[in-house]
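> When you get a sec, could you build the whole thing from the sequences and use the hints?
Sequences listed follow chains A, B, C, D, E and F, in order.
Position 81 of the first sequence, counting from 1, maps to 80 under numbering that gives the first Met the number 0, and the rest follow consecutively.
Position 45 of the second sequence, counting from 1, maps to 44 under numbering that gives the first Met the number 0, and the rest follow consecutively.
Position 24 of the third sequence, counting from 1, maps to 23 under numbering that gives the first Met the number 0, and the rest follow consecutively.
Position 96 of the fourth sequence, counting from 1, maps to 95 under numbering that gives the first Met the number 0, and the rest follow consecutively.
Position 98 of the fifth sequence, counting from 1, maps to 97 under numbering that gives the first Met the number 0, and the rest follow consecutively.
Position 103 of the sixth sequence, counting from 1, maps to 102 under numbering that gives the first Met the number 0, and the rest follow consecutively.
Check each hint, because a few of them may be wrong.
Same chains, same names: a pair is fine if it fits in one copy or spans any two.
[Stated by the list, open to error] In silico lysine to aspartate or glutamate, EDC-like type, Cα no more than 20 Å apart, as pairs:
hint	residue 1	residue 2
1	Lys30	Asp18
2	Lys130	Glu110
3	Lys55	Glu19
4	Lys130	Asp62
FYI, nobody ran anything at the bench for these hints, they're computed from the structure.
Protein chains: 6
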Amino acid sequence: MTLEAQIGKYALLLASLTDEELAFLKPSFHKIRYCQGKVGSMNMQKVIAAVETAAKRNELILDNCYRETHALYHAVLEGIEGVTRGQPSIGEMSRTVGLRFAIVRGRPYAEESEGEWIAVAFYGTIGAPIKGLEHETAGLGINHI
Amino acid sequence: MTLEAQIGKYALLLASLTDEELAFLKPSFHKIRYCQGKVGSMNMQKVIAAVETAAKRNELILDNCYRETHALYHAVLEGIEGVTRGQPSIGEMSRTVGLRFAIVRGRPYAEESEGEWIAVAFYGTIGAPIKGLEHETAGLGINHI
Amino acid sequence: MTLEAQIGKYALLLASLTDEELAFLKPSFHKIRYCQGKVGSMNMQKVIAAVETAAKRNELILDNCYRETHALYHAVLEGIEGVTRGQPSIGEMSRTVGLRFAIVRGRPYAEESEGEWIAVAFYGTIGAPIKGLEHETAGLGINHI
Amino acid sequence: MTLEAQIGKYALLLASLTDEELAFLKPSFHKIRYCQGKVGSMNMQKVIAAVETAAKRNELILDNCYRETHALYHAVLEGIEGVTRGQPSIGEMSRTVGLRFAIVRGRPYAEESEGEWIAVAFYGTIGAPIKGLEHETAGLGINHI
Amino acid sequence: MTLEAQIGKYALLLASLTDEELAFLKPSFHKIRYCQGKVGSMNMQKVIAAVETAAKRNELILDNCYRETHALYHAVLEGIEGVTRGQPSIGEMSRTVGLRFAIVRGRPYAEESEGEWIAVAFYGTIGAPIKGLEHETAGLGINHI
Amino acid sequence: MTLEAQIGKYALLLASLTDEELAFLKPSFHKIRYCQGKVGSMNMQKVIAAVETAAKRNELILDNCYRETHALYHAVLEGIEGVTRGQPSIGEMSRTVGLRFAIVRGRPYAEESEGEWIAVAFYGTIGAPIKGLEHETAGLGINHI
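Here it is in structure tokens:
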């Protein structure tokens, strides 16, 4: 297996860079499909729903296919582990997140048989539910689809 | 508090972009201090040691100051949560990592009183201890110092 | 200590087999006390309450005895670890469970002095809160009582 | 999606029932592929390796395909969460496991498009590294493949 | 670094001893600043808020300083890990806490450069949401500030 | 159930106070059985073994009784959760502990039927494997026996 297309790196950049910054790097994005979104919440369920809705609306996963929903869900949970670093909860831990996210679907491996994979990246802030009492956070989840 | 300098984003970019890609963005790095490094291991202790050694060698933390070692250590652990997504172990879970990392120290907030903070980012691969059986991974930890 | 009566296996079978399938194996259940139940929820508290209520109603634990409630509670939590595999939450993680459960109380060890133990097994589905987007799950917790 | 073939339940039964007990239920196993194995260790890496080796030797996953190794690996980790209930380590926690395991590959859903899934079940004992100081344990992991 | 003033031990004693018992030991408290409080809840957010409010009201942390709020927050979370032992949630796990807590701020190390640290200790009961079905619990978190 | 004898508090005090400090409080210890010990290690298995050995040598648990070993083991693990706050490992996380511990066995509840319980408390330091780079830590586990 040879890792060829870095869908995880692309997802991280799509979630964290400004459009201006992305302009320099965008050309290499022609081999993948992706979408971007935003969500701010103290409720983890809303964060997960925002990613799933974006993925379906942008046809990155098939709406009626549990297999693809399952692959995305676990990629989202893994990204959330990075965002929350230890306790995958936000409101209950008295904290809130303001996140940009990106979902990338593509073929990271040179071998045709490795098929498609999905990457979900988060970048934004986590902190107390008071404006400004927050620092940056990020997370990346990857799964075969 | 106003988040001004995105030390976490800088750390993620320093860990994941090539020198060529970084060239476009580097100018904004003049307000921060940083270093980069690499580590590949099945042993978490080696990953932690690699970051701590790089931080001390590059004078990002004071060698004799527990306070700063403690701040860095927790930032490293938080980054590792993102890398390992759920079980902060590698060898015992029969997996290995090949990581680039970056440590950034700076003043992310406009207010002088918020002082210095440290960000530790990891980007690379995680997978079975067999070449190629791996996918991308990333993590980010941030702490006041 | 000699493990003689497999109360954990019995609990798993009581939670996962149909009555028809159980008919073949039931004879060996004469040395233990057990009950079965069902619960579907996005709320972990309801799952725990369903098991505790069933245990008390069927007199598998003494209603007024904290000692026995405590033993059951930890067996339930351990079973939930298996059901949720990593993050012991359901609704907050945007997922729902439909579970059958069984509680078995008995003497698993040949030695009289090892006393009674309790086993709690779950079997059913976990998935998105949309009918059909789910897969199987199971968990087993065991404690001395 | 309609859950039709309970590969998770089959895996649990294959891991926990004796051959005699299985004889009653075996007929329904004609639509799936499976293998069984055994492993006893204080070293989690050996437990994971035992399942992976069995899966490859019995051609339940393709030897050269990272995609399939990745699917199996996460199913194994999820099964281990059930076995270890909270801290996915054994030797470091001063405990040992004696496990039978089963791997089942099949099509659990009526819809052709849901494709193949893999289930890994463990059943056996966990306890102090002294013969007899142990109780039963079980775990089940399921993934799309 | 020489650990001189045991702010963690002081916090544990302030959280667990009666005023009478504390009278014997209080003299050594002259080098530190501290406050005590109480909270009973099934809601983790209320536990965290009670400690943060007490810390601000007693001027143990600066109200407008994210840096200090961040230091306290992580000390609180670490204390909660001790209280909840494995799953940092209470209501969702169908349990309630009745806690006394103490926050201590001081200079634990002989070296001036190690600066101030903060300790948060909890002591009380955790159990089913029924009076009396509970046992003791404790937790301690420490951070540089 | 009425919590009468605070075995957890006693265990915390026995683990954290000096003999001199304990002298003031000792009189209330006549209703319980207890022992104290010390362990310093980067190896969690040694920490667990130190407590188990002390418990058996001081006849706080029956040597040949799995039931009692099991009760103690889970109390120890819960105490370790407090000590390690999130990741129950030490050496792998590049840290070491120097701990005093106490084991208390007694009847915490007024009701005879609630029987005996066991408390395990740890108090000491955790930190980098370099003398002085460490801060205080504590943990408490309680179980019915």
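> Hints first: check each against the structure and report whether it holds.
Quick rundown of the hints versus the structure:
1. Lys30 to Asp18: within (19 Å within a copy, 22 Å between copies)
2. Lys130 to Glu110: between (47 Å within a copy, 14 Å between copies)
3. Lys55 to Glu19: neither (27 Å within a copy, 35 Å between copies)
4. Lys130 to Asp62: between (36 Å within a copy, 13 Å between copies)
Going down the numbered hints, you'll see the structure goes against just number 3.
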